[in-house]
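**Q** The chain contents come next:
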Amino acid sequence: MTKLERAAPILFGLLALGAWQAAVMLLHVPPYIVPGPAAIIVAFWADKAGLLEALLSTLTVTFTALFLSAILGMVLALAMAASRLARAVIQPWAVVLQVTPVVAIAPLIILWVNNPFFALVVCAVIVAFFPVLSNTATGLAATPPELVDLFKLNGAKRWQILFWLRLPAALPYFLAGLRIAGTLALVGAVVAEFVAGSGGFASGLAYRILEAGYRLEIPRMFAALTLLALAGIAIYATLGFLSAAILRRHGDV
Amino acid sequence: MVRLERVSRRFGDVTALDQIDLAVGQHEFVALLGPSGCGKSTLLRLLAGLDAPDLGQVSWAAGQAPAAGDIGYVFQDATLLPWASAAENVYLPLRLRGIDRQQSAPDVKRALARLGLQGFENAKPRALSGGMRMRVSIARALVSRPQLLLMDEPFAALDEFTRHRLQEDLRGLWREGASTIVFVTHSIYEAAFLASRILVMTPRPGRLAGEIKGDNSLSRTDPAYASLVSEITDMLHAVMPL
Ligand SMILES: Nc1ncnc2c1ncn2[C@@H]1O[C@H](COP(=O)(O)OP(=O)(O)OP(=O)(O)O)[C@@H](O)[C@H]1O
Ligand SMILES: [Mg+2]
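Chains as they are written, first to last, in my numbering: chain A, 34 to 286; chain B, 31 to 272.
So here's chain A without its partners, still in its complex pose:
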């Protein structure tokens, strides 16, 4: 990447923000309809502690869900690779969970799971585990057949082929799935918070957005939205760096 290519997204962002601020000021748009960036920053500053606390709450749900999704997706993929029966059982239900909109099942989950924190985590896991599962399963199946032959020629047991060959071969696929799962976990957490609304355990960013909406504090709403977007970008970028570093050590790139 050249210097210009690296700076381009930031320059573009600043330019867009400037144009936005100018448009709001020149057209005299009231801040309760569309606030300018300056108003959003002011609103953020005014409720800094509350918003950051909300962000932390949402991120806690997100990372717990991401962690569980990684384990669940990996374990299910391994089970599917180890046994055709397991594959036949797991695959259709994984797809069912994937195609069911989480908004539609979140109320039920929130009703069933007593602990509000875990209710949110379960919703986020339902959204996030699928890319880990399907990517890892693809990777496990995509192992070069000659290597499988080599293992067989030397009398490898099935578990050795799975854990010494297929699993490490699937690592790049798993990491690619994890990266998608990271942003999906955030989306799942926020959707679940929205559904849960003020149902007693409201503390995440989504609740701040709802609350600000009710009170017509539109700049604060935008501030919360902005935090959410930044969190999403940060998660995506961090997982990207992480997986590149792991793959470099692993020897795949």
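These are calculated hints, taken from the structure and not from any lab test.
Treat the hints loosely; a few may be bogus.
Stated by the list, open to error - Think about it this way: if two alpha-carbon atoms lie no more than 25 Å apart in a straight line, the pair counts; the simulated BS3-like pairs of lysine-lysine are:
#	chain 1	residue 1	chain 2	residue 2
1	A	K185	B	K154
2	A	K185	B	K139
3	B	K154	B	K139
Knowing the structure of chain A, use the given hints to seat chain B with the ligands on it.
**A** Relative to the frame of chain A, chain B with the ligands by itself:
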């Protein structure tokens, strides 16, 4: 040692091997020579037990059926574990048979050195050239001292210098060792230089067209080597008229 009887193998409409009759005796060095796509790799896979014939059978002499690790296989591509170092890749066949890492370290080192890879023990495959990767995969096949060594065009990707050295080495290895070798190649010169017995295959569907007795003690400049080469060439042209 092993015998193929009227062995055929089809893939859909493609007949890869058609009625192959072949017996490989102990301590032979057989070169399989034939045009691309005639079923040479398929034949090796049948010998290794990695694939089964549609018709006919593969049978082993009493007491000589291979156990795990008795067959060394060099694939057409290097097929190394990308996350493992050269030494770990060579150790793999021993590891799979439960042999201790410490105990096999000298064997691994020797196998790598034999292929001119000393100093690259800890290099990952991506840090090696194509030819070096191929040599690692040859070392991996040799490290377990297999009774039967199946090699699928192992030297095709190497430069002429390395190839000559490795051909010389392989001949030496065969002469001093107890291995039986079946060696697939496109090269008449290679077959003439290496093999004690040269089998020529027809274009698909692959059949055995003929057999020539080789002499793998000749040097490349020996007139007898030249006449062996021309004998093989004649047979190849008889099978595939220009
Ligand atoms: N797994 C497979 N599925 C379908 N067709 C196959 C398979 N393996 C081999 N074939 C077909 O069988 C024929 C012989 O293949 P094989 O790989 O044995 O040829 P080869 O003599 O080794 O060729 P080359 O010298 O190019 O490596 C080819 O036409 C190939 O397309
Ligand atoms: Mg081949």
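**Q** Could you run down the list of hints and mark each one as holding or not?
**A** A quick look at each hint next to the structure:
Note on K185 (chain A) and K154 (chain B): the hinted pairing holds, with a Cα-Cα distance of about 23 Å set against a maximum of 25 Å. Restraint check for K185 (chain A) and K139 (chain B): satisfied, since their Cα atoms lie roughly 24 Å apart, inside the 25 Å limit. A C-alpha spacing of about 15 Å is found between K154 (chain B) and K139 (chain B), which places the hinted pair at or below 25 Å, so the restraint holds.
In this structure, none of the earlier numbered hints is contradicted; all agree with it.
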